[in-house]
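Next come the chains, spelled out residue by residue.
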Amino acid sequence: MARGGGGGCCPPMDLMRSEAMQLVQVIIPTESAHLTVSYLGELGLLQLKDLNADKSPFQRTYAAQIKRCGEMARKLRFFKEQMSKAGISTSAQLTEISLDFDDLEIKLGELEAELAEVNANNEKLKRTYNELLEYSTVLQKAGEFFYSAQRSAAAQQREMEANQSGESSLESPLLEQDTLTDASKQVKLGSLSGLVPKEKAMAFERILFRATRGNIFLRQESVDEPVTDPVSGEKVAKNAFVIFYSGDRAKAKILKICDAFNANRYPFPEDVARQLHAVQEVSAKISELKATIDMGLAHRDNILKNIASEFENWNRLANKEKIIYHTLNMLSVDVTKKCLVGEGWSPVFATTQIQDALQRATLDSKSQVGSIFQVLNTTESPPTYFQTNKFTSAFQEIVDAYGIAKYQEANPGVFTIVTFPFLFAVMFGDWGHGICILVSTLYLIIREKKFASQKLGDIMEMMFGGRYVIIMMALFSIYTGLIYNEFFSVPFELFGKSAYACRDPSCGDAATEGLLKVRRTYPFGVDPVWHGSRSELPFLNSLKMKMSILLGVAQMNLGIVISYFNAKFFRNSVNVWYQFIPQLIFLNSLFGYLSMLIIIKWSTGAKADLYHTMIYMFLSPTDELGENQLFPGQKTVQLVLLLLALVSVPWMLIPKPFFLKMEHERRHQGQQYAMLQSTDDSVVAEMGHHNGSNHHEEFEFSEVFVHQLIHTIEFVLGAVSNTASYLRLWALSLAHSELSSVFYDKVLLLAFGYNNILIRIAGITIFICATVGVLLVMETLSAFLHALRLHWVEFQNKFYEGDGYKFAPFSFALISEEED
Amino acid sequence: MGFWVTTLIFLLAGFVASLFSLLCCNRGPSTNLFHLTLVITATVCCWMMWAIVYLAQLKPLINPILSGE
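Chains as they are written, first to last, in this note's numbering: chain A, 1 to 820; chain B, 1001 to 1069.
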């Protein structure tokens, strides 16, 4: 039990302290280990340590199983790719799986083999089909010009032979023999036909003529539509060609050139009857193959549909198995090889649930030996775990983004739930704008279930995740809007009449001397008469600056008070007496006093200048206050407060390091146990905190002193700069109010000043766009960021260390969320 | 005088809200204390906001000077 008890000063409160955590050890029999880890993953309340961190992935116990999981994942990815090619989508329903790991592996292997075979068969059939289509095209095209080409070729051949005969005419006795030779050559004329890519046709023709020295006749014609190439499967524009040649040597050359140019050749019968027969034969084969291909595709689609219906289940099971084996690899193997030992953190409240899961795994796996669950003692700092719900999780995320709380230190999230949207509203206050944000956020909340199961964009995801923060911001904005009395910058007399009236019935002085307050104070919020008056800005600026100081000092005091509860909880009385108390004295003797002066000035209507009062409190504390005096005895009070502030600085600087040093020396000298038992626990805790463990490490007094010096300087200077930082509440509020007024007066009222319907419509449109784009979007982000800053720095640095680490349990639900 | 009356109204509102959260959202002492803390924090914030503006207008040092037209 790691400091789970804590101090008993306060009753427990949800979200204030992180859950009590314990380091547990689980000893699991090997035969039930898989099922045990599976059940623990579903439970999601155990953060396992990696006891084999020094081993490489291949040295781990279950490396082989993880490889098998990887292979299954590859097969599943193959199936997914095939399904997307075929346009088949997976069904989203998730059902209970009756298949186990080994059966799934076998089934996936079989399906992959079958699918690969079907694909290969389809590929072959498709290629043959495309070849036959090409053949059909050749038959059709070549038939059109074969005979004319043949006659031209024969004529050319005879002409060449005539030339040759002319040469031999000198030998008159051989004339009859020459005629016989001509007939023999004519019989040997051969032909080739096929298709060649159109882009290569010219080069093809040129090369052929050169290779055969012009002893061929070539005829080409363009094919009307692109042809599917059997090899590449792509559509290619091609020419049909016929080549007439003589001699085997020419034929060999022509064949090589056809191969080089990817010209597919097809046999072309010379006889007309045989041509017709070939055409019929090819058509019949094409029809037959088409039917066969369609059957093959249907068969493949059938396989893929069967896979699709189970794919999500298989995918989930494969992922789960992979996660289980990765987790099993974090356990160390007992020397007997019969048990696995795991260590990890779990919340104390989860002890019963974990033990139940272990027992259930033992029963379900029929293991003869049960798992052992025991709690270990440790000085390690446990992880931090806050149980949140859908409302509080967003606020906790805001705090965690700054830093994860140290184990069981006070959680600023509790107060952030209210103060964060409140400070936002102080800057954003306008109840018209607040209503707009409220309506849009209510839409998100009402459609909560629908949006939760959808895939949203980045911005929409953030807005949906923060919907409860935004609705709180909207509600508080409506409230502060009523206080500021602004509805799209327009004031209303909602709570009664203005307290101001003219000095005399003629109202002559209203524009020079101004109105007089003749009635009781406007009961709720800013008096509506200020809006539009020439003294509006001086009044509101003064009001809002003082408001910023008051709210800032209040929140900083809250932070210091929380540091008291932290010190109390950890039984650290050194921090109570030498951190909390001097900090409280310092802050309130200066800035708390300033806040009190503000209230006194408002209550009495005094004309004192607080700025100079504070300045001269330091510069000349013994001088008379004169006109800046607000109450009797003020000089004495200021002197006392100044002395208190001066005393508190060494108070928070000097004693703590010496106390730590004394305690270290006492422990180091080996005082008797009787004396040690009476030692203050807080000092021991402080020592442990600084050194990180109770080992006998060196105590560096100079380091501790410098550390404390830095903290003290940071607090003292921080008190000044943080108070000034809260003035951003005034600045943002002023900016929002002025922008809103400009849009209202210069856009809407100006447009309605004209008696033109088009100008008025344009004015309304511009007003709406400016209001939404600038005020509802940009100003919201701006005020959000500044409220965030005031919480992270001005509030949390008073008490929050934030150097813990988050509880990251082994959980299938979390892992599947991350993968999505 | 109006200040103390409205402060009393805020206290009553805070009290009613606390009772409401106790009765309608009763989920054990730890959660109830959490809800109570939220209600008290919200009440104090709203009261402070109102009180600051009210006190600032109690005895004003400057008067609203209307725009001359």
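Derived by calculation from the structure, the hints in this document are not laboratory data.
Don't take each hint at face value.
Far from chain A by the CB rule (all over 10 Å, computed), these chain B residues [as the list claims (entries may be wrong)]:
(1) W1004
(2) L1008
(3) L1011
(4) L1012
(5) G1014
(6) F1015
(7) V1016
(8) F1020
(9) N1026
(10) P1029
(11) S1030
(12) L1038
(13) Y1054
(14) I1065
Below 30 Å or equal to it, Euclidean Cα-Cα: the simulated DSS-like pairs (lysine-lysine) are [said to hold, decoys possible]:
(15) A:K449 with A:K75
(16) B:K1059 with A:K337
(17) A:K49 with A:K390
(18) A:K305 with A:K126
(19) B:K1059 with A:K517
(20) A:K290 with A:K80
(21) A:K107 with B:K1059
(22) A:K290 with A:K85
(23) A:K390 with A:K806
(24) A:K607 with B:K1059
(25) A:K80 with A:K517
(26) A:K450 with A:K390
All C-beta atoms in this analysis are idealised placements derived from N, C-alpha and C, irrespective of residue type, glycine included.
Hints, one by one, checked against the model:
1. Listed as outside the interface, W1004 (chain B) is consistent with that label: its C-beta sits roughly 12 Å from the nearest C-beta of chain A, beyond the 10 Å cut-off.
2. No Cβ of chain A comes within 10 Å of the Cβ of L1008 (chain B); the nearest lies about 13 Å off, and the non-interface call holds.
3. Non-interface status of L1011 (chain B) relative to chain A is upheld: no Cβ of that chain comes within 10 Å, the nearest being about 16 Å off.
4. Every beta carbon of chain A lies more than 10 Å from that of L1012 (chain B), the smallest distance being close to 16 Å; the non-interface claim holds.
5. Chain A leaves G1014 (chain B) outside its interface by the beta-carbon criterion, the shortest separation being 12 Å against a cut-off of 10 Å.
6. No beta-carbon of chain A comes within 10 Å of the beta-carbon of F1015 (chain B); the shortest separation is about 17 Å.
7. Distance check for V1016 (chain B) against chain A: the nearest CB is about 17 Å away, which clears 10 Å, and the non-interface claim stands.
8. With a minimum CB-CB distance of about 16 Å to chain A, F1020 (chain B) clears the 10 Å threshold, and the non-interface call stands.
9. Interface exclusion of N1026 (chain B) from chain A stands, the closest Cβ pair being 13 Å apart, more than 10 Å.
10. Not every CB of chain A lies more than 10 Å from the CB of P1029 (chain B), the least distance being 7 Å, so the non-interface label is violated.
11. A Cβ of chain A approaches the Cβ of S1030 (chain B) within 10 Å, the least distance being about 5 Å, so the stated non-interface status is violated.
12. A beta-carbon of chain A is positioned within 10 Å of the beta-carbon of L1038 (chain B); the least distance is around 6 Å.
13. The Cβ of Y1054 (chain B) does not lie farther than 10 Å from every Cβ of chain A; its closest approach is about 6 Å, which violates its non-interface assignment.
14. Here I1065 (chain B) does not stay apart from chain A, with its beta-carbon only about 4 Å from theirs, under the 10 Å limit.
15. The hinted pair formed by K449 (chain A) and K75 (chain A) fails the criterion: a straight-line CA distance of about 34 Å is larger than 30 Å.
16. As the CA atoms of K1059 (chain B) and K337 (chain A) are separated by approximately 85 Å, the hinted pair breaks the 30 Å bound.
17. A threshold of 30 Å between alpha carbons decides the hint, and for K49 (chain A) with K390 (chain A) the separation of about 29 Å falls inside it, so the pair holds.
18. Note on K305 (chain A) and K126 (chain A): the hinted pairing holds, with a Cα-Cα distance of about 22 Å set against a maximum of 30 Å.
19. Restraint check for K1059 (chain B) and K517 (chain A): satisfied, since their Cα atoms lie roughly 9 Å apart, inside the 30 Å limit.
20. Taken as a hint, the K290 (chain A) and K80 (chain A) pair is honoured in the structure, with Cα atoms around 27 Å apart against an allowance of 30 Å.
21. Distance hint between K107 (chain A) and K1059 (chain B) is unfulfilled; the C-alpha atoms sit about 86 Å from each other, more than 30 Å.
22. For the suggested pair K290 (chain A) and K85 (chain A), the alpha carbons sit about 20 Å apart, so the restraint of at most 30 Å is met.
23. Under the criterion of a C-alpha separation no larger than 30 Å, the hint pairing K390 (chain A) with K806 (chain A) is consistent with the structure, at around 18 Å.
24. A hinted pair counts as satisfied when its Cα atoms are at most 30 Å apart, and K607 (chain A) with K1059 (chain B) qualifies at roughly 11 Å.
25. A hinted pair counts as satisfied when its Cα atoms are at most 30 Å apart, and K80 (chain A) with K517 (chain A) does not qualify at roughly 78 Å.
26. Using a Cα cut-off of 30 Å, the hinted pair K450 (chain A) and K390 (chain A) holds, with the two alpha carbons roughly 15 Å apart.
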